[in-house]
Amino acid sequence: MLQIKNLHAKIEDGAEILKGINLEIKPGEVHAIMGPNGAGKSTLSSVIAGKEDYEVTEGEILFEGEEIGEDAPEERAHKGIFLSFQYPVEIPGVTVTNFIKAALNETRKANGLEEMGAKEMLGLIRENSEKLGIRKDFLSRSLNEGFSGGEKKRNEIFQMMMLNPKLAILDETDSGLDIDALRIVADGVNKFRSEGNAVLLITHYQRLLNYIQPDFVHVLADGKIIKTGDKSLALELEEKGYDWLLN
Amino acid sequence: MSKYTEDDLRVDLENKKYEFGFETDIEYEDFPTGLNEDIIRAISAKKEEPEWMTDWRLESFRIWLKMTEPNWANIKYQKPDFQAIRYYAAPKAKPELASLDEVDPELLKTFAKLGINIEEQKRLANVAVDIVVDSVSVKTTFQETLREKGIIFCSISEAIKEHPDLVKQYLGKVVPRGDNFYAALNSAVFSDGSFCYIPKGVRCPMELSTYFRINQSGTGQFERTLVIADEGSYVSYLEGCTAPSRDENQLHAAVVELIALDDAEIKYSTVQNWYPGNEEGKGGVFNFVTKRGLCERNAKISWTQVETGSAVTWKYPSCILKGDNSVGEFYSIAVTNNHQYADTGTKMIHIGKNTRSTIISKGISAGKSNNSYRGLVKVMPTAKGARNFSQCDSLLMGNECGAHTFPYIEIKDPTAQLEHEATTSKIGEDQIFYCNQRGIDTERAIALIVNGFSKEVLNKLPMEFAIEAQKLLEISLEGSVG
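Same order as they appear, the protein sequences are chains A and B. Residues 1140 to 1386 in the working numbering are what the first sequence spells out, letter by letter. Residues 908 to 1389 in the working numbering are what the second sequence spells out, letter by letter.
Pulled out of the complex, with its shape left as it was, chain B reads as follows (with noise of 0.2 Å):
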């Protein structure tokens, strides 16, 4: 990956439309549009899946089958009719691919545009890649040095065939398939995912990271990621999205599982940049996922998202720190624009002795947008000296946008100590000026600013990813003053 440079960024600013808006020409296999048992049967077929896993989506369709779509949420958008969805696009089945000289040119190409230089990646970036494109994993990087240490990364259709004792002991363990209408969905017609298991006691010795990218007009995107991490060990995970730009608004309901057993302790980093809608708020991306992670004894869950994009975000990364003195953190940037809504935040749920959460929410409202953090801190019976500290900051930009703070807190034990600060600012006229005054333009002030409201947040990331979300940032809301 080559570095960014401010030149890049002040290329990126004046072309504001969304630059990731193309689509690639690829063969696709489409099912009819739809949902009922037949349809999943066959999704499970297409992927060639033994019949526990069948049987499982069956149950999960039936529970959704059962249940409403939630509107507790801050949120507005057309709600989607789930019988015009196609719930499932592939490129159509090719052989295994031994190296990159098999895969779909165009592929190539879509990746070139994004920016992901695979050869380059592997040389310099140290990251192993597992690209999905439309729910089917094409290609993985990195597997040869990640296999000497027994780490396990593929797509989680590889490992239901091949490690389906993993599998079958912790998928639907920390999000229940009842959990809530969307992982139900994603439960009973999820199209593929990563998979990743780190052994007792082993660092990973590099970020893993993939791409994930919506790529048909009309296709729901089901992913499906699990991520275990067996004692004493380490990963660091990140996420990164794009999408083409579209007028359809795009379903997006993504479940995402972690475990940290004893003494373990998982980094998951997201940066999500989903076609937003336009100016008008027309088309965009519904982002409906379920987020969470168990902690074991001593165990410790870091999320740390970048939203700047979709249309509807409705996400909450969350910790449930069943083992004793295990720590759960959540760090979030969430960026609204023109007629985006977000509501994001995070559950602690704190039921092992000693243990610690920290909570930093940093939002950011333009345009007519609006953007809601929601957190809940329960603090269960079981949790003697539990411990919370959470931060909700709000950054506004203009008069038309929205900022909103649901802090729930449920305490059920008399030691847990809670701190919550909560602020709100707006981006003034004085500091612009201020700024312009320095010689610094209105647009890089912004840039400024923003950074500097976001950067205890920009800091937890990994390196190579906190300069792609920084330029994000500034793209996401060029031309929002002044």
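Here chain A stands alone, though its shape is the one from the complex (with noise of 0.2 Å):
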């Protein structure tokens, strides 16, 4: 589903991040990346979903076989690439709801669906708002405006649900949870799995992974995948942290 080669990155007129990733996402897989702080996780998921922030100077990144890299973040988007954001942005007067259907119609648009009717849009809201212990208030709440950073994630969660992609990643979904909020959440990638799909999370600790079982479990330190395991991999880091890789 998701190759990458080769991948180097640096910020715009900056330093460069990610230094020849490489990495083979299959569907029906789930992939952790796992790394020291500054090693470069959220620049590689900014950059496979297409931050202009960000320079790609060598390598590419296939997404079902195509290349993609000159394509704009919307259209990544509607190719079925979601990312759910380490810190998601607030949108004043803009509600839950109508969020997620700018989101789904824009989406279904440009797949060459009709829109979704109203009723068939309710079912869809109201069923995967009960998967994630969402309220009914929640939904008319502006996007992410006073939501605490459970709140936050599990409305991320939500979408990724509603809009159904190919690949989810998950950028640090779990910093910031409590544990009853990181279950829920867990629960609800849990249920988002399934064959034809892929999740692909970045994560600091290995805790998110009691919850979410691996396939894979990589180690990116200074722009590189330095090590690919299972999840006793995650085990072990948690024992005995990176240094032990680094040297």
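Keep in mind the hints are simulated off the structure, nothing from the lab. Treat the hints with care, as some may be off.
Stated by the list, open to error - Simulated coverage check for chain A against chain B, where a stretch passes if three residues somewhere in it have a Cβ under 8 Å from a Cβ of chain B:
#: 1; segment: 1205-1213
#: 2; segment: 1216-1222
#: 3; segment: 1243-1254
Said to hold, decoys possible - If you anchor each label on the Cβ, the simulated ranges turn out as follows:
#: 4; chain 1: B; residue 1: Pro1106; chain 2: A; residue 2: Arg1280; range: 37 to 47 Å
#: 5; chain 1: B; residue 1: Glu1363; chain 2: A; residue 2: Ile1318; range: 37 to 47 Å
#: 6; chain 1: A; residue 1: Thr1367; chain 2: B; residue 2: Asn1366; range: 47 to 57 Å
Ideal Cβ positions, reconstructed from N, Cα and C, are used throughout, including at glycine.
Combine the two chains into a complex, taking the hints into account.
See the structure below:
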């Protein structure tokens, strides 16, 4: 589904952050990327999503066999790439419902589908919000405005379930969550998982991986994947830290 | 009026040039340019006005001569040469029209381009429209329904002839002739406008609506509107404006007076979309407007405005809360782009006891424009227990525009309670990227963010107007980020 080949990227007019990433994610798989602060984890997710602040200097990103390096962020979204933000932004005056409605319909239109009817939309919203224990009044609040950390992350996962992407990248989704919120969010991701889609988890801590079982764990350090293993690698990292890999 | 869909918006966005930039080829009957007492007498004679009206105009002119153009506003423009302006232009005199069939087909075409389908409006929108094309009212609809209720809705010229007592009693009462430079000028040369009277206890069954349109090169437009809501009555009045694009600056100096007698309520909504000038700041309408309402006991006046057009806007719809327990409201969205200047806000003058006022102002600046909120809350010694809430929010797009807030407060009574909140924010690249990532392109993202920002005010507009306003906001800001 996603193939990243020798990817180098830098901040516009700045330092190189990704220094030759290779990664392949197949349908049905869950990959976790772990690593110390400043390793380039969030940069990698931003580059895959197409954030303009970064410049790809070498290598390529293929999504379902197609090079997407030149695509605008919304085009990548239309193709089925979803990024759950570490720090979701506030949009005052735009309700959770209105925002997801716009997002879903824009994506449908881009894929040659009719806009979803109000009844169907409401049904889908109800179904997904129930899965995440989201209350009705939450849906009519302004997007992320005054949300707690847990509410923001839950809202990200809610949007993911509504948009039903092929590839979901979860950037530090576990940060700022208490144990109950973490369980709800992880539960949502597990319900979302299927044979047809894939998940890329970006995290500092092994904690999330107790709830979402990865097929592969990669260690990213100084812009490169320096080690790949199965979920036992995460436990080892928890115990030993990153230093033994770096030297 | 057919429904405006997002797809229509998309098409509009693709065509970002001022969409109403066309001229109608109608025969005009013009006066020479310039202003003196003879011109004023000629305007008055042309309109077959009674002598008292002619005298009123002449007196206004004499007042105006002694005044100077104000320069305290945060606006920059080339001051007009008032002797180079043509003060009267009207479609050539025609016999009274009984039906639409008799209206000049060219004019009907103009209406069609503006999307005003009078027939459909009659049937669907339940709106009586008094269309003003360059100063003379051409056609009024729904007169019958209104007449049954005793409501008078006609051109001000007609009112001067048919209802002189009402006009004499109220004209210039809220905005005196010497109130300010532009109001004095308007009082001297006003060409036409609307008049509305709602009798005691009557709730006007439909939104009253006037479409103004400036339609001839070099013609200043001096509209005069007078709305009187008698005791216990209610009226909602809509004012929507478009003008064709021009190279020359056009002066517009309107006066609107509202009178809400005891227990009456007036809702006055405006969508203003005059030509803002081109991207270099050339051309565009100068909009110097005086709007003010007087509230008697328990009366309420709400001003709602969406200002997207004009090169320069100087406008402060205000409320004089004279009667005890009266209420004044001001809800405003002002958008400036390219080289536009807007200096707009309100004055709430609390005179009666327990008077309340609310001010919600949303300013959106883009391009190289400057957008200022200027508001006065004044509490007189008589206004025991007066309350005011003001909220001024500014949204900036890009790095070259300006947002300014000038709140003035004068309190002469210690029991007054005032709250003032203000925020300034910028549409951030992070917000745009977040929307993009969810499949929403930048244009739609801006529309979404701006609509969210403006929602509190948009919600105050009547439904059909709110849709038009939303569309205008989006068109006005097209291409201003990214």
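**Prompt:** Can you name, in rising order, the numbers of the hints this structure does not satisfy?
**Reply:** none
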